[in-house]
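Respectively, the protein sequence lines represent chains A and B. The numbering of the first sequence is my numbering, which starts it at 1 and goes up by one. The numbering of the second sequence is my numbering, which starts it at 325 and goes up by one.
There may be inaccurate statements among the hints.
[Stated by the list, open to error] Only some residues are given here: those of chain A computed to face chain B with a beta carbon under 7 angstroms:
1. 155
2. 156
3. 205
4. 207
5. 209
6. 221
7. 222
8. 291
9. 298
10. 300
11. 303
12. 305
Read the hints as simulated data drawn from the structure, not as lab findings. Nothing here was measured: the structure is a model prediction, and the numbers come from that model. Here a beta-carbon is modelled for each residue, glycine too, at the ideal position from N, C-alpha and C.
Protein chains: 2
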Amino acid sequence: MTDNKTNLELVAACDSFPYVDITSLPHNEDERSSFYQFLLPGDSRPHGYILPSTVKAMPWTDDFVVRHERPRTVQLLDSSKGRDTSNACNAALKKVISNATTSKAFKVLASPLHEDYRIIGANYPVQMERTASSLFGIAHRGAHMTVYTRTPEGMKIWVPRRAPNLFTYPNKLDTTVAGGVKAEHSPWECIVQEADEEASLPESLVRSQARSTGVLTYLAKSGQGDGGEFGLMVPDCIYVFDLEVAEDVICKPKDGEVKEFYLWDVESVKAALSKAEFKTNCAAVMIDFFIRHGIITDENEKDYLEIMSRMHRKLPVPTSSLSA
Amino acid sequence: MTDNKTNLELVAACDSFPYVDITSLPHNEDERSSFYQFLLPGDSRPHGYILPSTVKAMPWTDDFVVRHERPRTVQLLDSSKGRDTSNACNAALKKVISNATTSKAFKVLASPLHEDYRIIGANYPVQMERTASSLFGIAHRGAHMTVYTRTPEGMKIWVPRRAPNLFTYPNKLDTTVAGGVKAEHSPWECIVQEADEEASLPESLVRSQARSTGVLTYLAKSGQGDGGEFGLMVPDCIYVFDLEVAEDVICKPKDGEVKEFYLWDVESVKAALSKAEFKTNCAAVMIDFFIRHGIITDENEKDYLEIMSRMHRKLPVPTSSLSA
Chain A
1 MTDNKTNLEL
11 VAACDSFPYV
21 DITSLPHNED
31 ERSSFYQFLL
41 PGDSRPHGYI
51 LPSTVKAMPW
61 TDDFVVRHER
71 PRTVQLLDSS
81 KGRDTSNACN
91 AALKKVISNA
101 TTSKAFKVLA
111 SPLHEDYRII
121 GANYPVQMER
131 TASSLFGIAH
141 RGAHMTVYTR
151 TPEGMKIWVP
161 RRAPNLFTYP
171 NKLDTTVAGG
181 VKAEHSPWEC
191 IVQEADEEAS
201 LPESLVRSQA
211 RSTGVLTYLA
221 KSGQGDGGEF
231 GLMVPDCIYV
241 FDLEVAEDVI
251 CKPKDGEVKE
261 FYLWDVESVK
271 AALSKAEFKT
281 NCAAVMIDFF
291 IRHGIITDEN
301 EKDYLEIMSR
311 MHRKLPVPTS
321 SLSA
Chain B
325 MTDNKTNLEL
335 VAACDSFPYV
345 DITSLPHNED
355 ERSSFYQFLL
365 PGDSRPHGYI
375 LPSTVKAMPW
385 TDDFVVRHER
395 PRTVQLLDSS
405 KGRDTSNACN
415 AALKKVISNA
425 TTSKAFKVLA
435 SPLHEDYRII
445 GANYPVQMER
455 TASSLFGIAH
465 RGAHMTVYTR
475 TPEGMKIWVP
485 RRAPNLFTYP
495 NKLDTTVAGG
505 VKAEHSPWEC
515 IVQEADEEAS
525 LPESLVRSQA
535 RSTGVLTYLA
545 KSGQGDGGEF
555 GLMVPDCIYV
565 FDLEVAEDVI
575 CKPKDGEVKE
585 FYLWDVESVK
595 AALSKAEFKT
605 NCAAVMIDFF
615 IRHGIITDEN
625 EKDYLEIMSR
635 MHRKLPVPTS
645 SLSA
């Protein structure tokens with residue numbers, strides 16, 4: 001039983017990028033790990049950080065200027081000359097990612113999802129293929145909703161097991177409802193849609209009863225299990241929602257991403273957490289749920305303070321646009 | 325109306341210390357602002373950071389060794405030679421603070437509370453006079469509980485106004501129940517006691533219905549309104565609790581710290597927040613409450629991500645003991 005995971009270890013597995021000040025590059029004199037800042041037209045704030053190995057392997061087009069002197073930068077140019085910067089950026093990103101996919105430059109592009117992620121905090125809408133965003137160190141947006149019910153025996157939580165054929169984290173336990181937030185969606189719209197597709201929960205129930213309860217942020221370093229390149233800096237934002245349902249509401253698989261649902265009491269969920277049975281970031285979502293519901297407290301968790309701050313890390317990319 | 329405060333401005337007023345890496349001193353070549361690390365016996369982790377002006381004015385006893393070369397340190401010695409380190413540390417801190425109080429060395433010691441704060445994350449119990457802890461840059465522990473009720477017209481929140489004769493933040497709005505956590509108490513025990521003393525809420529109600537919901541952490545730079553020295557680095561931990569009550573439960577002043585209680589709807593609380601009518605850290609507690617209850621969301625607050633991370637800052641002092 002000595003290899004049981006502590007809650008802090010579970011959170012640290014998400015928040016796995018070292019606590020160095022990546023915004024004041026070079027933070028590391030080692031050439032191999034000094035990131036390139038990714039810059040959008042007309043905005044001096046780095047929106048991502050790119051590994052030197054990625055810069056080397058990417059088939060950059062004329063839309064990008066790569067500067068190898070410090071501070072190292074990859075500057076996206078505005079080919080529209082200010083007429084439609086959004087559109088020019090989106091087209092340039094689409095082209096370079098398409099070229100990289102064709103040339104098989106990166107493992108992470110092996111299975112493009114043909115679904116775009118928004119570059120958060122940009123001053124105008126910009127988006128890129130979801131699977132490519134980690135190559136650019138662009139922040140990911142996810143939305144997770146924990147569905148639970150109160151029974152005479154106490155709280156019970158709906159826990160899905162991921163299908164065995166998924167590209168990432170097959171067979172792991174998951175949050176009741178979870179998904180990446182498409183560029184054009186808000187986290188709320190994502191949850192309403194995923195609740196139907198993944199758990200067969202009616203839209204009317206979710207819209208009337210689900211509650212936004214916060215957002216987790218952490219900085220990951222990609223590794224084994226992520227199904228792609230290692231060592232990428234991946235800022236992650238997980239918007240969290242709660243949905244308390246009556247005992248007669250049943251979560252059922254629908255779209256094939258979930259193998260089956262369990263209705264577990266708190267002790268069963270805790271046991272599965274400590275055995276690392278949850279997908280990495282779903283463990284953090286469950287721990288946050290337990291903290292907000294008074295199940296994990298300062299009195300029973302010695303790392304309470306550290307867990308809370310590491311689940312809400314200040315990201316090294318802008319999270320709000322500069323416009324009012 | 326242009327001088328209304330945004331939620332981010334309210335949180336930034338708490339989290340007011342610059343985002344520099346204070347753990348890798350010297351962060352600033354300016355002699356006047358390069359902090360001294362405060363070190364406990366047998367522990368290389370700095371538990372606090374002391375301003376040079378404080379080091380100069382403090383009447384250090386033989387229990388302390390001050391090192392002016394970098395890294396600058398104030399090392400507390402163990403006069404018990406390991407026989408009772410806790411007791412030796414407590415006695416040494418009590419003596420130097422008593423001397424400083426007698427010699428009127430610091431404004432912040434003008435009104436000692438004769439109540440001790442725990443040094444969090446220490447490997448053995450150590451404590452010091454609450455009003456002196458900010459001179460040492462020791463983390464403060466506070467506990468805040470928001471009491472609310474659901475009415476046919478929507479949620480209403482019990483909001484107290486602080487008494488006009490208080491040393492800090494007179495006449496400001498406050499969290500329903502709040503207090504500093506004494507060294508010997510847990511945040512939960514603090515809340516149970518303060519709920520009775522400040523709001524006349526019965527212990528049985530609080531023990532059965534109150535819920536631990538998280539902890540806010542931020543790093544403040546002391547300034548005007550704090551009633552003491554300026555520029556001190558003050559790490560703050562605010563343990564937050566919710567208590568939903570029936571409509572017939574009434575919060576009433578008892579111990580003189582509260583002038584009167586209001587039962588306000590969400591819009592009234594938001595208006596008071598934007599007019600900066602709340603005590604600084606109580607505004608952050610209210611914003612956290614609104615986030616957890618789905619009132620402030622990513623869809624209506626453009627600084628949502630930044631607010632969440634700044635309310636959960638990783639503190640530059642240890643928060644867990646090294647012992648298992």
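Evaluated hints:
no.	hint	result
1	155	violated, 12 angstroms
2	156	violated, 18 angstroms
3	205	violated, 15 angstroms
4	207	violated, 12 angstroms
5	209	violated, 11 angstroms
6	221	violated, 17 angstroms
7	222	violated, 21 angstroms
8	291	holds, 5 angstroms
9	298	holds, 6 angstroms
10	300	violated, 10 angstroms
11	303	holds, 5 angstroms
12	305	holds, 4 angstroms
The earlier numbered hints that this structure contradicts are 1, 2, 3, 4, 5, 6, 7, 10.
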